[in-house]
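There are 2 protein chains.
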Amino acid sequence: MKSKAIFYHAGCPVCQEAEQNVANALDPNRYDVEIVHLGQDRASLPKAEAAGVKSVPALVLDGQPYHINFGADLSALN
Amino acid sequence: MKSKAIFYHAGCPVCQEAEQNVANALDPNRYDVEIVHLGQDRASLPKAEAAGVKSVPALVLDGQPYHINFGADLSALN
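Chains A and B supply the protein sequences, listed in that same order.
Numbering follows numbering that gives the first Met the number 0, with no gaps: position 21 of the first sequence is 20.
Numbering follows numbering that gives the first Met the number 0, with no gaps: position 53 of the second sequence is 52.
Just so you know, the hints here were simulated from the structure itself, not pulled from any lab data.
Among the hints, a few may not be true.
Remember, identical chains collapse to one label, so a pair may be satisfied in a single copy or spanning two.
[Unchecked claim] Pairs of lysine to aspartate or glutamate, EDC-like flavour, derived with a Cα cap of 20 Å: (1) K53 with D31; (2) K3 with D26; (3) K3 with D40; (4) K1 with D26; (5) K1 with D72; (6) K53 with D40.
Here chain A stands alone, though its shape is the one from the complex:
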């Protein structure tokens, strides 16, 4: 069974670069990668916050948040 990976971003340049490189570098045989644009999909904000996401871009692997560089604080999207 594949693990779940969720990549949260907000369309910022730092986000897009991380998406193209880090999110796309994950092993597709082991991870189902979901890309969530929190600027457009605000309904997903509580889920991201519950996973511990503080800023974007962030990658949640098996429920653990990994903040990758820094694009924007999550509070700026609320």
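Following the hints, complete the assembly by docking chain B onto the known chain A.
Just chain B now, kept in the frame of chain A:
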């Protein structure tokens, strides 16, 4: 041809967790992943700095630095 991925860490708990999850999640068919412990391998510090690494843990993919969460500032290792 595989791309080069270098995961820099310093043995800190944040580093180890990121190594086990993020570094190991990369697609082995596309990336040769090298793990560098900057606390033990100080000769690699200039290379990490030249790639733009400011803190550990960090992942350098195709020469681009991605800082993953925050364990320690690189200056603490110099």
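Right, here's what the structure says about each hint:
1. Neither within a single protomer nor between protomers do K53 and D31 lie at most 20 Å apart by alpha-carbon distance, with minima of 22 Å and 30 Å respectively.
2. With identical chains, the CA atoms of K3 and D26 are at most 20 Å apart both within one copy (11 Å) and between copies (15 Å).
3. Proximity of K3 and D40 under a CA criterion of 20 Å is satisfied intra-copy only: 19 Å inside one chain copy versus 34 Å between copies.
4. Proximity of K1 and D26 under a CA criterion of 20 Å is satisfied in both settings, with 10 Å inside one chain copy and 13 Å between copies.
5. Proximity of K1 to D72 under the C-alpha cut-off of 20 Å is found in neither arrangement, the shortest distances being 29 Å within a copy and 34 Å between copies.
6. Only within a single protomer do K53 and D40 lie at most 20 Å apart by alpha-carbon distance; the minimum there is 16 Å, versus 32 Å between protomers.
The structure shown violates the earlier hints numbered 1, 5.
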